[in-house]
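Chains as they are written, first to last, in the numbering used here: chain R, 1 to 157; chain L, 1 to 289.
Because the hints were derived from the structure by calculation, they are not lab data.
Where a beta carbon is used, it is the ideal one built from N, C-alpha and C, also for glycine.
There's no promise every hint is true.
[What the hints assert, rightly or not] Partner residues aside, some chain R positions facing chain L, computed with beta carbon under 7 angstroms:
#, residue
1, D3
2, R4
3, T5
4, L9
5, P24
6, G25
7, A60
8, P61
9, V62
10, S63
11, C66
12, A70
13, Y133
14, G136
[Unchecked claim] Label pairs and their in silico Cβ distance ranges:
#, chain 1, residue 1, chain 2, residue 2, range
15, L, D115, R, R4, 26 to 32 angstroms
16, L, Y264, R, G59, 37 to 43 angstroms
17, R, M19, L, P262, 52 to 58 angstroms
18, R, A131, L, T139, 51 to 57 angstroms
19, L, C20, R, A131, 45 to 51 angstroms
20, R, A131, L, G54, 45 to 51 angstroms
21, R, A145, L, S135, 51 to 57 angstroms
22, R, C104, L, D223, 50 to 56 angstroms
[What the hints assert, rightly or not] Here are some of the chain L residues that sit facing chain R, going by a computed Cβ distance under 7 angstroms:
#, residue
23, I2
24, P8
25, N23
26, R25
27, L34
28, L36
29, V99
30, R100
31, T104
32, I205
33, V206
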Amino acid sequence: MSDRTDLRLRVRVNGEEVMREVSPGRLLLDFLRDDLRLTAAKRGCDVQVCGACTVLVDGAPVSSCCYLAADVDRREVVTCEGLAHPGQKSKLQEAFIAVGAFQCGYCTPGMLVTATALLAEHPRPTREQVAEYMKGNLCRCTGYARIVDAILLAGGS
Amino acid sequence: MIRVLHRPGSLEEALELIGCRENRRVYAGGTELLLLVKLGLAQVRELVDLKRLGLDGIARDGTVVIVGACATHAAIARSRPVRAFIPVLAATAGELGNVRVRATGTIGGNLCFADPSSDVGCVLLLEDAEVELRSRRGTRRVEIGRFFVHAFSTVLADDELLVAVRVPVPSRTRRRVTRYRRIALGERPTAGAGVSLELDAGGRIVRARVAVGAGNPHPIRIDEAEAHLQGQDLATAREGAEDVGRLAATACEPIGDVHASPGYKRHLVGVMARRALEDVVVELEATRG
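Throw the hints in and build the complete structure from the sequences for me.
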């Protein structure tokens, strides 16, 4: 459409500088999944309730399904793909594997990203802190116990 | 469809942009507006981003804490002056929605959206806050109790921006405790009510606020319940907790939804008001000088 004004976006995604033209209404989730082919963030509820689409923007967890791509201009985005160097795993990812904190796995990238932010804020969280912080990430398989266990393990308790 | 995104770098520029065209809307966090756009409930062709106006500061200025409209809920929950002087606001901001909504959603957006399922407006009502509204015509301050008109409706004019929330710092010579109680299904509060009491040196209530948040179309004070508490001591106030709950329940006009009928919400409002009062009394008794 001729009356649409696209924006030039410059953003650091998982440590790499990215420049792209985006339409003003482009959602961050679509930008990541379709333009950059980073498909770890998932479209779940699509109304910022389930947490499957969680990514970090300047270290803070956001729902990329309800966040404009334009709003990450000149900022830093980390998706689940960027939690560790390629071929490696973060301590938290190791803990998820050690504990077996998966069932279907759809919520896992969002869980990992949110828990990464949690551990940055509270490096040795209590079970209550984990439960409170992770309240906004839903696991439809209801496998919460092991997810919490894995986060506590990564936090050293 | 969003066609244009304006990103003004100054308040003057933003005030120029707003109000002069249909289908142009301001946004900050976008946690409310983008949802509406996605659900097809709002037609927006042009967005005006308010995040580059420097409206996100939080500071104490003498007898008032000034919270910039674009301060996020997470920033308010963390803020030293808010925690020190308006702890009920810090607590409410820290429990709002989920961690992602708190990281992006702003106090100004929350108030202007005027969702009946919200706690922030009620807490500000308990603390006698004002909002500062700016337009090219000038600045006006509006008591928060006069800001809300109905569900999703405020007195904000098309060419106005809410730029700050001003919350008076309670006097040091008196003891004030404010508590807000709510019940939420998932992340949306269904019913909420709060009480704020301030005692004089003799232990009499010299300032009483009772307000209903979620459960009424917009936050309201319950004058009759406040009058009931005014001048009493704590023991008498506690005995009247049931009455305060009943007055709050009677005064509100809940909107029913799939989770709760109006009658059930009314019942819950009464319970929340009673418990908030009991919380305040317990807290004041514990800190008796």
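Hint by hint, here is what the structure shows:
This hint holds: D3/R has a C-beta 6 angstroms from the nearest C-beta of chain L, less than the 7 angstroms allowed. Satisfaction of the interface hint for R4/R is found here, the shortest Cβ-Cβ separation to chain L being roughly 5 angstroms, below the 7 angstroms cut-off. Interface hint status for T5/R: upheld, as the beta-carbon distance to the closest one in chain L is roughly 5 angstroms, under 7 angstroms. With its C-beta approaching chain L no nearer than about 11 angstroms, L9/R sits outside the 7 angstroms limit, and its interface hint is violated.
The restraint placing P24/R at the interface with chain L holds, with a minimum CB-CB distance near 4 angstroms, inside the 7 angstroms limit. Restraint check, G25/R versus chain L: the minimum CB separation of about 3 angstroms is within 7 angstroms; hint holds. Interface hint status for A60/R: upheld, as the beta-carbon distance to the closest one in chain L is roughly 4 angstroms, under 7 angstroms. A distance limit of 7 angstroms between C-beta atoms decides the matter here; for P61/R the minimum to chain L is near 5 angstroms, and the interface restraint holds.
Of the supplied interface hints, the one on V62/R holds, with its beta-carbon coming within about 5 angstroms of a beta-carbon of chain L, less than 7 angstroms. At about 5 angstroms, the closest approach between the beta carbon of S63/R and any beta carbon in chain L falls short of 7 angstroms, and the interface hint on this residue holds. Here the hint on C66/R is kept, as its CB sits about 5 angstroms from the closest CB of chain L, short of 7 angstroms. Evaluation of the A70/R hint against chain L yields a held restraint, the C-beta minimum of about 5 angstroms falling below 7 angstroms.
Proximity of Y133/R to chain L holds as hinted, the smallest CB-CB distance being about 6 angstroms (cut-off 7 angstroms). Evaluation of the G136/R hint against chain L yields a held restraint, the C-beta minimum of about 2 angstroms falling below 7 angstroms. Evaluation of the 26 to 32 angstroms hint for D115/L and R4/R yields a pass: the beta carbon distance comes to about 30 angstroms. Range check, Y264/L to G59/R: about 41 angstroms between beta-carbon atoms, so the 37 to 43 angstroms window is met.
Take M19/R and P262/L: their Cβ atoms lie about 53 angstroms apart, and the range 52 to 58 angstroms holds. A C-beta distance of roughly 44 angstroms is found between A131/R and T139/L, which places it outside the suggested range of 51 to 57 angstroms. In this structure the hint that C20/L and A131/R lie 45 to 51 angstroms apart at CB holds, the actual value being about 48 angstroms. Against the hinted window of 45 to 51 angstroms, the Cβ-Cβ separation of A131/R and G54/L comes to about 36 angstroms, which falls outside the hint.
Here the CB-CB span from A145/R to S135/L is close to 53 angstroms, well matched to the stated 51 to 57 angstroms. Separation of C104/R from D223/L is about 53 angstroms and conforms to the stated range, judged on CB atoms against 50 to 56 angstroms. Checking I2/L against chain R by beta carbon gives a least distance of about 3 angstroms; that is within 7 angstroms, so the hint holds. Because the beta carbon of P8/L sits about 14 angstroms from the nearest beta carbon in chain R, more than 7 angstroms, this interface hint is broken.
Among the interface hints, the one on N23/L is violated; its C-beta lies about 12 angstroms from the nearest C-beta in chain R, farther than the 7 angstroms criterion. Hint status for R25/L relative to chain R: violated, with the closest Cβ pair at about 12 angstroms, above 7 angstroms. With 7 angstroms as the threshold, the beta carbon of L34/L comes within range of chain R, its nearest partner Cβ sitting at about 5 angstroms, so the hint holds. Checking L36/L against chain R: minimum C-beta separation of about 10 angstroms lies over 7 angstroms; hint violated.
Hint on V99/L holds. Least Cβ distance to chain R is approximately 5 angstroms, under the 7 angstroms limit. Look at R100/L: its Cβ gets to within about 5 angstroms of chain R, closer than 7 angstroms, so that hint holds up. Among the interface hints, the one on T104/L holds; its C-beta lies about 5 angstroms from the nearest C-beta in chain R, closer than the 7 angstroms criterion. Using the Cβ-Cβ criterion of 7 angstroms, the hint placing I205/L at the interface with chain R is not satisfied: the shortest such distance is roughly 34 angstroms.
This hint is violated: V206/L has a C-beta 36 angstroms from the nearest C-beta of chain R, more than the 7 angstroms allowed.
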